[in-house]
Each structure stands twice: as structure tokens, then as C-alpha cells.
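Peer 1: Sequence:
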Amino acid sequence: MINRLTPVLLALVALLAWASPAAAHGRDAEADARFAQTIGGMELTVVVRASIRVPAPLQVDVVAHDPGKGGQVELAVRSVENGGSSTASVRVVGGRPGMYPAILRAGDVGPHELEVRAGGERSVLPFDLLVPSTPRWEIVVYAAFACGAVALLGALASAALRRRGVAVGLAGTFAVAIVVAFTTGAISPWFAPEGAPAPETLTRPNAQPLVEVAPERPALRSAYRLRVTLFDGSTGAPADDLAEHHAALTHLVVTSDDGRFFRHVHPIRTAPGVYEVRLRAEQPGRHLVYAEFERAGAGGQLVSGAFTVPGPDHGDREEVPVTGARPVAEPARPVAGRPIRLTLDTGATALRPWLGMAGHLILRSHDGGYLGHVHEARSMADATAARMPDESVARYGPRLEFVFSFPRPGRYLVWIQYAEDYRIVTVPHVIEVAEEGSGR
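Throughout the sequence shown, residue numbering follows mature numbering (1 follows the signal peptide of the UniProt record, and there is no 0), covering -24 to -1, 1 to 416 in sequence.
Careful, some of the hints might be misleading.
Restraint-style ranges between C-beta atoms, simulated for each label pair [what the hints assert, rightly or not]:
1) A308 x S65: 45 to 55 Å
2) G74 x E50: 16 to 26 Å
3) A32 x R384: 28 to 38 Å
4) A32 x H342: 46 to 56 Å
5) Y346 x R302: 16 to 26 Å
6) R384 x R72: 40 to 50 Å
7) R384 x A308: 17 to 27 Å
8) G323 x V379: 30 to 40 Å
9) R72 x M356: 27 to 37 Å
10) H342 x R302: 13 to 23 Å
Calculated from the structure, these hints are not laboratory results.
The C-beta atom is built at its ideal place from N, Cα and C for all residues, glycine as well.
When you get a sec, could you build the whole thing from the sequences and use the hints?
Peer 2: Below, the structure written as C-alpha cells:
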């Protein structure tokens, strides 16, 4: 019996160890696709729910974090390969954050484009529509049980007909099949799931940015358009291969030089490699722009730029006015190069995830030369799961914790963001970081 089982089990191990490659960058077939978008005066997250088969209805949820004045949001999904399309729309109610579901239709798997229109703006978001396949180990288990059942029936029939040799052989086959089935079930957790993201080889160069505003010198208290165009560093061609990175293709942080103006937005994709967002010039002076994204085959990247809003400079204004709840730092006097824990008591026990996390900490050095983006510590574990935490479930709070090491001494401008009842709350703060050995 052992001699009969050995080659079967070795073949089983070889079969299960052969893992399928990833079907899409950074996302498996059971995960939703998320795209944060600042469009039509609204801050939205458009969620394409995972499909279990095609053709079938495709659920798309529009999560309004800042609905502004509201309005119609038109959605269209199109297959890149065969051109098949489906449309739907939702009406976001002004001043009412929440989730607005829509049903489209998916015809097949493969590369697709999701078009989002609102307030006269249009964004085209590429994504791969995936369908989970049956794990190989399940196929082996079912096949083994089927073979075992046939062998058992054959052995019983042979015994009834007094065919002892045949009955013994079929009984042995039944035993082998049962051992294979239970062994497969026992060792299946040791093997990578099919379609799991494979280790990626970084082969592409970084993207180079061109940061522009239109008009070139925005008038105070007027609207302007901020455009970030990304180019491949080696060819000069548009870098149009951004991957979904923390529920967005691009995260854009815009701050005034003194930190009194702060926006964390998600520009719309208006053309290959071109990302735009409409903002309002609320403060004169120099403004700093930081774009955070992940290029497929090149890893995460942070690029920056600057522009100026003309107007009188009020140099006596306080930097980053701090109101409301204040975060607590441990130790109370941070030292450069050493980890600190920053804790904020939000006072709310039902915080919703935003961009896949319970909270975000964005910090900028006083001179603007450094920008950091830190995620809430206790929700980081949830982000490693195949399915990102869903915005419909309020399960975080009231305390948010961030762990970070400031690279250099000096003054840092800090903004903590989280979602309460879908609405984004921003808490500004200022931290003075001492030099190691300064005795502060």
C-alpha cells in the first residue's frame, strides 16, 4: 500500500505547488477595484465590486465622502477587447454623504475602462475585470472523492459476485483516493492561492512629472485647474500604466507654503498619463504639489511641483491653525530618527475606512522638502487581506494610532484624516522634532 501511495502523493505535491501567475497587478479576482475621484465638486470613491462569473450584472457603488452640492454621476463600463459597453447613473444628494449603488452589466473578463462623468468633467479609469477560478486543490479533492466512490461501489459489487481479486484491488484504489482527498485538504493552506499576486520584478523607470495650473497664475478666490502629466523617464512617452494604489490611481496633496491651505484629493484621468483636478484659490502665495502613485513594474513614487497664487502676503499669520481634538505624541518631545506614536481620540466609535484605512497621517517638513504619508497602525493588518475593508462597515475608532520616525529635526506640519459617517474629517497639527542628543 505504501508503495502505491508514494508516487500518487508526490504527484499531488507537484501539482499543488505549481501556482498560477497573478491575473492583475496588485489585485486578485476576489478583490474589488476602487478609484477615489475628486470630480464635479465632489469627493467620491467608485467601487467596482468583484464578479463571480460573466456575463452577469456588475455592481458599482459610488461612495460620496464629500458630496458638495451633489448632482448626477454617470457611469459606463466598456470592454477594451470587444467594445461591449453598459451604462448606469446615480444621483448624489447634496450635503448627504453615503453610498449610492448602480448596476451595470459585464460581458466578459479582461481589460475594461470605467468612465465617470459628473459636473461637466470626465474621467476614464482602466481596470481588469477578473473572475475567480476554482482552486486546483478543490478539483483534486472532488476528483479523489469521485474515484473513491466509484471504487467503493465496484469493490462491493465484486465482493457480492465473489470476485475476490477484483474486490481487493478496488478496495485499495478506494483507500488511495481517500488518502489523497484528505491529504490535499490538509496541505492546501501551505500553497499560494491561485491568482495570488506574484513577486514583481521592477523593470520600468520612474515617471517624470509636469505640474501645470490653468490659468497659469490663478486669481485669488477663483477656480483653477491643476494638471499633472506623467512621462516615462526613458522614452518621454506618456506614463499611462498606473496601478490602483490605496484605492486610487493618484493621490494629490496640495498645501500652501505656510500650511494653512491643505487638500488631499484624487485627480481624474483625462487622457493617457494626464491627471487633473479642479480647485479654488483660497490663499495667496506659493503652493506645493505632491503626487503619489504606483507605476506597474516600477513601484511606488512621489513627485512634486509648485505654483503661485498672486496676492498680498500676510506673513504674520499663524501656521496651520489647530482646532478641536489634538493628537498626543509619545514621547512628548519627538527626536529625529526615533519612532514616535501619535494617538488621536476622535470621540467616535464607528469610523469607516477611507482609502482602505481607518486613518491617514500626512506630514510635511517646514520647508516643504519632505512629505510623508502614514497609515493608521491597527487597520494596516486589514489591508493585507484579499478584500480591502469596505466603506459600508463602521468598525474603527475611537482611537487612531500612527507610528513614524521623523527623518530630520525641525518643524513638521501634520494633518490626520479619517471618515466619520462617510464624511472626511481633517485634524491639523504642528510637531517640533528635536535633534538627537539635544537634551530637549
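Peer 1: Each hint: holds or not?
Peer 2: Each hint tested on the structure:
| no. | hint | result |
| --- | --- | --- |
| 1 | A308 x S65: 45 to 55 Å | holds, 52 Å |
| 2 | G74 x E50: 16 to 26 Å | holds, 18 Å |
| 3 | A32 x R384: 28 to 38 Å | violated, 53 Å |
| 4 | A32 x H342: 46 to 56 Å | holds, 53 Å |
| 5 | Y346 x R302: 16 to 26 Å | holds, 22 Å |
| 6 | R384 x R72: 40 to 50 Å | holds, 44 Å |
| 7 | R384 x A308: 17 to 27 Å | holds, 19 Å |
| 8 | G323 x V379: 30 to 40 Å | violated, 22 Å |
| 9 | R72 x M356: 27 to 37 Å | holds, 31 Å |
| 10 | H342 x R302: 13 to 23 Å | holds, 19 Å |
Violated hints for the displayed structure, listed by number in ascending order: 3 and 8.
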